[in-house]
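Chemist: With the working numbering applied, the sequence shown has no gaps in its numbers, which climb one by one up to 453 at the end.
Not one of these hints is a red herring.
Here are the computed distance ranges between Cβ atoms for each label pair:
#1 Ser366 / Met392: 14 to 24 Å
#2 Ala261 / Asp206: 11 to 21 Å
#3 Thr332 / His221: 50 to 60 Å
#4 Pro207 / Phe311: 37 to 47 Å
#5 Gln178 / His221: 15 to 25 Å
#6 Ala329 / Val300: 45 to 55 Å
Simulated crosslink set (DMTMM-like; lysine to aspartate or glutamate; CA at most 25 Å straight-line):
#7 Lys319 / Glu381
#8 Lys319 / Glu446
#9 Lys437 / Asp415
#10 Lys319 / Asp372
#11 Lys437 / Glu340
#12 Lys437 / Asp451
#13 Lys286 / Glu177
#14 Lys319 / Asp451
#15 Lys437 / Asp360
#16 Lys437 / Glu325
#17 Lys209 / Glu177
#18 Lys437 / Asp398
Calculated directly from the structure, the hints in this document are not laboratory data.
Every value quoted in this text rests on a predicted model; they were computed, and no experiment measured them.
From the three backbone atoms N, C-alpha and C, an ideal C-beta is built for every residue, glycine too.
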Amino acid sequence: MRDEVVQLLFFALLLAVNQYCCRWIFAAVCRSAGMGPEQVVAYRKHLHLTERPYFHVSSRLITFSPDPAKTRRWLFLYQMNHVLLLFGMFFAVVGCMTRTFGWVLGLVGAVLAAFTAILTVAGVVYGRPRPARAADTAADRPPHGAKKVRRQYVDAAAKLVCAAGMLGLALFMLGEMAPKTPPTAEQVRAALTAQGYAPQEMGADELADYPGLARYISAGDGQLQFSVYIFDDPGAARDTYERAHQRIVSQWMQSPFTDTVTQRSNYAVYTLQAGDMYAVAAYIGQTVVYGYCDLDHKEQLVRLLQEIGYMDAA
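Construct the complete structure from the given sequences, taking the supplied hints into account.
Modeler: Right, dumping it as structure tokens:
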């Protein structure tokens with residue numbers, strides 16, 4: 140569940156940062172209609188939920204606006220920002236509960252983080268404090284004007300830090316979604332040999348009984364079993380991964396247990412630790428790995444997966 144919870148927390152953080160950094164859009168909507176945000180909020184509070192408050196507020200803003208077209212454009216940006224964020228949050232919650240949308244959520248998160256960063260920078264530029272005119276005298280300036288300007292600069296700096304953080308997260312998530320290169324049969328054999336196993340490979344006559352299967356390599360002993368399937372078609376690899384996943388669940392799932400699912404653009408890894416067993420099903424591109432062992436040999440199995448690129452080194 141670790142990846143799913145991290146994604147859910149990311150979208151919750153993104154929602155909070157967006158609400159803080161993009162308040163300027165609501166202020167711009169109100170300003171385009173010749174109203175203050177306080178007036179709009181006060182009007183909204185008098186409307187019951189059954190009265191379609193958003194529709195009435197939007198209509199009021201457009202009706203009283205000196206430039207209705209401009210107000211509509213600002214309203215569209217305001218609506219689009221919220222719809223996209225709620226869309227992402229909804230799929231994050233569903234993905235956390237069902238363990239689906241793995242790499243799609245990563246892409247959506249990266250896009251929304253970049254979108255929030257762009258809107259934040261636009262808000263800082265659009266709402267930046269204006270320097271006082273030389274002709275202004277101290278009497279002409281509003282009381283505590285200098286403090287207000289300082290607060291505006293501090294707020295702008297905080298928002299720029301948030302924007303930089305959002306862009307960093309977007310780049311990180313895009314990097315996480317980068318496709319992996321599947322291992323070759325030679326790399327698999329070398330990794331198994333280095334660990335002290337004697338890899339066995341299915342012959343051409345046996346492979347002929349399994350259409351689409353190009354190579355099959357296995358190795359193991361009484362404590363650890365490791366199999367690698369190399370297909371001609373990535374679709375067949377995904378189907379085999381799903382079957383291996385279901386086999387692990389049906390054969391070894393018992394309480395208490397710990398399992399993880401990692402899904403990206405062209406690969407997925409499922410692990411289960413239950414009782415005294417540890418099992419893995421994974422695919423990258425057109426290759427599939429299926430392995431299991433007792434807990435005493437878990438580190439050895441994980442090291443094998445790391446050497447052929449199925450797991451990242453700790």
